[in-house]
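*Asks:* From first to last, the protein sequence lines are chains A and B.
Here the first sequence is numbered in this note's numbering, starting from 1 and rising by one per residue.
Here the second sequence is numbered in this note's numbering, starting from 1 and rising by one per residue.
Because the hints were derived from the structure by calculation, they are not lab data.
Backbone N, C-alpha and C define an ideal beta-carbon position, used for all residues, glycine too.
Taking lysine-lysine pairs in the PhoX-like style, the calculated list, with each CA pair at most 20 Å apart, reads:
| no. | chain 1 | residue 1 | chain 2 | residue 2 |
| --- | --- | --- | --- | --- |
| 1 | A | Lys-103 | B | Lys-26 |
| 2 | B | Lys-27 | A | Lys-103 |
| 3 | A | Lys-37 | B | Lys-29 |
| 4 | B | Lys-26 | A | Lys-37 |
Stretch by stretch, here's where chain B covers chain A in the computed footprint (C-beta under 8 Å, at least three residues):
| no. | stretch |
| --- | --- |
| 5 | 29-42 |
| 6 | 55-62 |
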Amino acid sequence: MSPAEPDDAEVQKYYEELKREIESIGYHLNPDEEFTKSLLKNILLNKGRYGYESCPCRLASGIKEEDLDIICPCYYRDPDLEEYGACYCGLYVSGDILSGKKKLTYLPERRPGPDERVAKEGTYNIEYDNKLKGLSLPVWRCKVCGYLCAREGAPEICPICKAEKERFEMFI
Amino acid sequence: MPMEHVEGNDKGKVVLYALSTCGWCKKTKELLKELEVEFSYIYVDLLEGEERTNIIEQVKKFNKQLSFPTLVIDDKKTIVGFNEDGIKEALA
Chain A
1 MSPAEPDDAE VQKYYEELKR EIESIGYHLN PDEEFTKSLL KNILLNKGRY GYESCPCRLA
61 SGIKEEDLDI ICPCYYRDPD LEEYGACYCG LYVSGDILSG KKKLTYLPER RPGPDERVAK
121 EGTYNIEYDN KLKGLSLPVW RCKVCGYLCA REGAPEICPI CKAEKERFEM FI
Chain B
1 MPMEHVEGND KGKVVLYALS TCGWCKKTKE LLKELEVEFS YIYVDLLEGE ERTNIIEQVK
61 KFNKQLSFPT LVIDDKKTIV GFNEDGIKEA LA
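Pulled out of the complex, with its shape left as it was, chain A reads as follows:
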């Protein structure tokens, strides 16, 4: 049940790699290093627990398919950055928060509750099947960063944010 806590060296390595990677594509980590590292430590802890980097601020089910939306970075990061200047955990922040122009506060949860999530799934494919008509190729969308590509299938890994194939949706 409780795998070993990640040590400081591991957290430091993760912090440095992630920071480099996300800054190269225009994102920022929270400049409060202590807060950020404690979140990263808990993401690593969740990876050990569940096998995937589940959001530390949300309750993981332990079933990857059910938690695809909350693997960090989650599907809600970009809309929350847009609206509140930070992701739900406060791990990712906007330029305004980074520069101190805006203050980071707790933000409301955008992820639908468990009952709503179940109800939503059924309506999904029919809509997209209809849209597909008339195109030579389907268009795939990365649900993490919004990257779009027209090809037979979604890429193995998102070339922008490195999200896995299963986190793509058929967009058109």
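Fit chain B to the supplied structure of chain A, relying on the hints for placement.
*Replies:* Below, chain B alone, put in the same frame as chain A:
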């Protein structure tokens, strides 16, 4: 896993449903300690089996979105999230 109890001034029944990994939950817990309020807390992510199912149902009654932290005062008032002012006001 029973609820953990923190001693303090009696402001009614104060229960914090939290995640052991969450930054805002940690801040909420620290705030309650700072306010010297008597409260109980439970880390829902560390529960298993029936206990987990039961507590989840309990939290959903107060907050159907099942987000954390969820603070419940006297089984009536619910404060979702690290709402510093709301918590201070409710426990003044």
